[in-house]
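Student: Here are the chains, one letter per residue:
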Amino acid sequence: EPEVTQTPSHQVTQMGQEVILRCVPISNHLYFYWYRQILGQKVEFLVSFYNNEISEKSEIFDDQFSVERPDGSNFTLKIRSTKLEDSAMYFCASTWTGTDTQYFGPGTRLTVL
Amino acid sequence: AQSVTQPDIHITVSEGASLELRCNYSYGATPYLFWYVQSPGQGLQLLLKYFSGDTLVQGIKGFEAEFKRSQSSFNLRKPSVHWSDAAEYFCAVGARNAGNMLTFGGGTRLMVKP
Numbered sequence: 054e055p056e057v058t059q060t061p062s063h064q065v066t067q068m069g070q071e072v073i074l075r076c077v078p079i080s081n082h083l084y085f086y087w088y089r090q091i092l093g094q095k096v097e098f099l100v101s102f103y104n105n106e107i108s109e110k111s112e113i114f115d116d117q118f119s120v121e122r123p124d125g126s127n128f129t130l131k132i133r134s135t136k137l138e139d140s141a142m143y144f145c146a147s148t149w150t151g152t153d154t155q156y157f158g159p160g161t162r163l164t165v166l
Numbered sequence: 008a009q010s011v012t013q014p015d016i017h018i019t020v021s022e023g024a025s026l027e028l029r030c031n032y033s034y035g036a037t038p039y040l041f042w043y044v045q046s047p048g049q050g051l052q053l054l055l056k057y058f059s060g061d062t063l064v065q066g067i068k069g070f071e072a073e074f075k076r077s078q079s080s081f082n083l084r085k086p087s088v089h090w091s092d093a094a095e096y097f098c099a100v101g102a103r104n105a106g107n108m109l110t111f112g113g114g115t116r117l118m119v120k121p
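Protein sequences appear in the order of chains A and B.
Quick note: the first sequence uses my numbering, first residue 54, plus one each step.
Quick note: the second sequence uses my numbering, first residue 8, plus one each step.
There may be inaccurate statements among the hints.
Subject to a maximum C-alpha distance of 27 Å in a straight line, what follows is the list of computed DSSO-like cross-link-like pairs (lysine-lysine) [said to hold, decoys possible]:
id, chain 1, residue 1, chain 2, residue 2
1, B, 56, A, 110
2, A, 131, B, 75
3, A, 95, B, 68
4, B, 120, A, 95
Residues of chain B placed beyond 10 Å of chain A at every Cβ, according to the derived structure [as the list claims (entries may be wrong)]:
id, residue
5, 21
6, 25
7, 29
8, 107
9, 112
Simulated from the structure, these hints should not be mistaken for lab results.
Don't be surprised by glycine CBs; every beta carbon is placed ideally from N, CA and C.
Chain B with its partners taken away, still in its complex shape (with noise of 0.2 Å):
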């Protein structure tokens, strides 16, 4: 079975420090995976994605994202944080299959002091 694990619960940055959020995962074989965030109230919104090639991904709002085979880890970051990106944050991986259903983390919490 799949499984995610985000160790941090909480991470507090400051404003135009560097960032990352650790993921790591458990699949058989190479999975598909995610970054969401989640504002207050809102709901998941899709940050980037690696499913194949280059195993440095970009996505949106200057975020990116290292696929590491060796280490079962998808880390999430960015190089200078925004109060805006005051969040939370999940991992997500999903299997190669046709209606695969996605396995999250625990999630993890940013908040970025002024």
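Isolated chain A, as found in the complex (with noise of 0.2 Å):
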């Protein structure tokens, strides 16, 4: 069956530093979303990507987080300047039509110190 994928499992990263979280969504789907979670509280919604192109992001996305779909079957998350709250596990979803069910991958825990 096919999966969305993530790579790393786990990143460790000095505040301040630049982060690229990688995504491998299922291959025919294309929407496109990342969502995270700080440990101990709900999955919160970070942007969804459509067409090469942001269709919703939330106030958590500002200016520090970008995304991109690099070629046909990446799409990444990137942190320009990490902050110590910025720590959480990020999940990468999919789904084809953009109106059924969201696919998520395994997460990157990422650890800003």
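Mind assembling these two chains? They're in different frames, but the hints should get you there.
Tutor: Written out as structure tokens, the structure is:
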């Protein structure tokens, strides 16, 4: 069964450093998402992406964040200058039509020191 | 704006007992509704979903949920819980527009006593 994959599974970085989290969505899907889950808190929407542009973004998704689909398979989330409060599990999701089930990847745990 | 409330943060049940996890949502129209399960250190696995039609939906692992429009609820049930069901359960609501974001509840952590 096709699945969403994410790399790395765990990333440790110093405050102020740039990080790129990578996702490979399910191959025929067209809509892509990033969510995050701070430890012990609810899963929060960050951004949705379709046709090479952002469809929606939350208040969390400020100028420090950016997303890109650099090729036909990868979908990336970049944080330009990480802060301690960016420490969280980041989930990628994808869906085909944008109104059906979102399939989630296993997540990348980001730790900012 | 859409929102989801899961009133129970923790629930403990005995193995073999029945289970009901509560979920209430707020949305202006008929939403898409989902239940996801997250085992420790793992990602989110879809248990079941409601889009339209029959308000009682069946999912994987013997779970079911019932959409009750009048109560704005989508409670998850299982008749007999297994120890492997111990996990965190998230209810989510999605808007009916393309590219819609999911709004998650705070989650219910299920513990299963032997």
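Student: Report the numbers of all earlier hints that the structure fails to satisfy, in ascending order.
Tutor: Checked against the structure, the hints that fail are numbers 2, 8, 9, while the rest are satisfied.
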